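Undergrad: Numbering (the UniProt record's numbering), first residue to last: 1 to 267.
Source of the hints: derived by calculation from the structure; they are not laboratory data.
Bear in mind the structure is a predicted one, so any value in this text is a computation, not a measurement.
Ideal placement from N, C-alpha and C gives every residue a C-beta, glycine not left out.
Accuracy of the hints is not assured; some may be wrong.
Derived pair list, reagent style DSS-like, types lysine-lysine, alpha-carbon separation capped at 25 angstroms [as the list claims (entries may be wrong)]:
| # | residue 1 | residue 2 |
| --- | --- | --- |
| 1 | Lys265 | Lys253 |
| 2 | Lys171 | Lys253 |
| 3 | Lys171 | Lys213 |
Beta-carbon label-pair distances, calculated as ranges [to be verified]:
| # | residue 1 | residue 2 | range |
| --- | --- | --- | --- |
| 4 | Ser181 | Ala85 | 39 to 45 angstroms |
| 5 | Pro199 | Pro70 | 14 to 20 angstroms |
| 6 | Ala83 | Tyr137 | 18 to 24 angstroms |
| 7 | Lys213 | Thr192 | 36 to 42 angstroms |
| 8 | Pro71 | Glu144 | 38 to 44 angstroms |
| 9 | Ala122 | Ala67 | 40 to 46 angstroms |
| 10 | Asp160 | Ser261 | 18 to 24 angstroms |
| 11 | Tyr137 | Asp160 | 31 to 37 angstroms |
| 12 | Asp121 | Gln89 | 35 to 41 angstroms |
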Amino acid sequence: MKQILTRLRRAGILAPLGKITLSIGGLVVFLYAVAWVGNPFATDVPDAKSAASAWLPTPVAPLSAAAEPPPGFPVMHFPPTMASAPPGQPQSVPTKFGLSYTVPNGNGWRPSNTMISGWSDAEGRIATYGAVSDYGYGYCPDAEGSALAQVGMTGRNGVDPETAAREEVRKAERIFADSGSPPRVTIAGPVTTAVDGRPAVRYTATITDIPRKHSCDPGRAEFDVVATPGYATAEVALLVVEHHTDLPHSLTKDRVEQVISSFRKTE
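Could you build the full structure based on these sequences and the hints that come with them?
TA: Dropping the structure here:
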């Protein structure tokens, strides 16, 4: 062993090995001290359990719109297949609520029972509709996704049709607001009506003084909501028609009424 140490000393290797040994020993002592004293830069840092609970988002109460239908209520996860009508002819749009509506196939319309549309703002989601057909899509080149009119469906559980329609039509103010600048909204209703012999309720919001970002944005619009008992997926089915009223090629009132009056049980 002594001969080995002598050879290492002559080769100049033993001294660096000693330095390495001292360095490793010093590092161990330093890490032990940190573990004993604590990290001076980590004061007031919560432990894993308290930190995790602090980072969790505040629970949000579920909306009645997301409530489940009652046990045994029929549910369709997808709408029935939409048979295409000839160009220019009325197109029936079946939905997963067991109800249908009709719009023209062409003439500026894009019928669909799979398209989804919605709005959101700084506060979060405002509304989302399915089985959306739109009219005059892309009329405003400065506004992505612009349309002169949209027809769509949504559903509610745990509320009556009147409550569902009233709460839905009130969303018009947020939909047409811009960066906190609200439009002027006048709501008419409830109007009692019927859909295929079943009771229905209608509300209409007239929106004026809409804040504009682009010259082709609307200054006036209407937001119609018709609620009736659903046949599937949701206890209450709502037909929503949103349309601009003061722009070239806007739908006439008669055209809008034709769409609303077509709301019926799917055959």
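Undergrad: All hints are to be evaluated individually against the structure, with a verdict given for each.
TA: To see whether the hints hold, each was checked on the structure:
no. : hint                                : verdict
1   : Lys265 - Lys253                     : holds (23 angstroms)
2   : Lys171 - Lys253                     : holds (21 angstroms)
3   : Lys171 - Lys213                     : holds (20 angstroms)
4   : Ser181 - Ala85: 39 to 45 angstroms  : holds (41 angstroms)
5   : Pro199 - Pro70: 14 to 20 angstroms  : holds (19 angstroms)
6   : Ala83 - Tyr137: 18 to 24 angstroms  : holds (22 angstroms)
7   : Lys213 - Thr192: 36 to 42 angstroms : holds (38 angstroms)
8   : Pro71 - Glu144: 38 to 44 angstroms  : holds (42 angstroms)
9   : Ala122 - Ala67: 40 to 46 angstroms  : violated (26 angstroms)
10  : Asp160 - Ser261: 18 to 24 angstroms : holds (23 angstroms)
11  : Tyr137 - Asp160: 31 to 37 angstroms : holds (34 angstroms)
12  : Asp121 - Gln89: 35 to 41 angstroms  : holds (38 angstroms)
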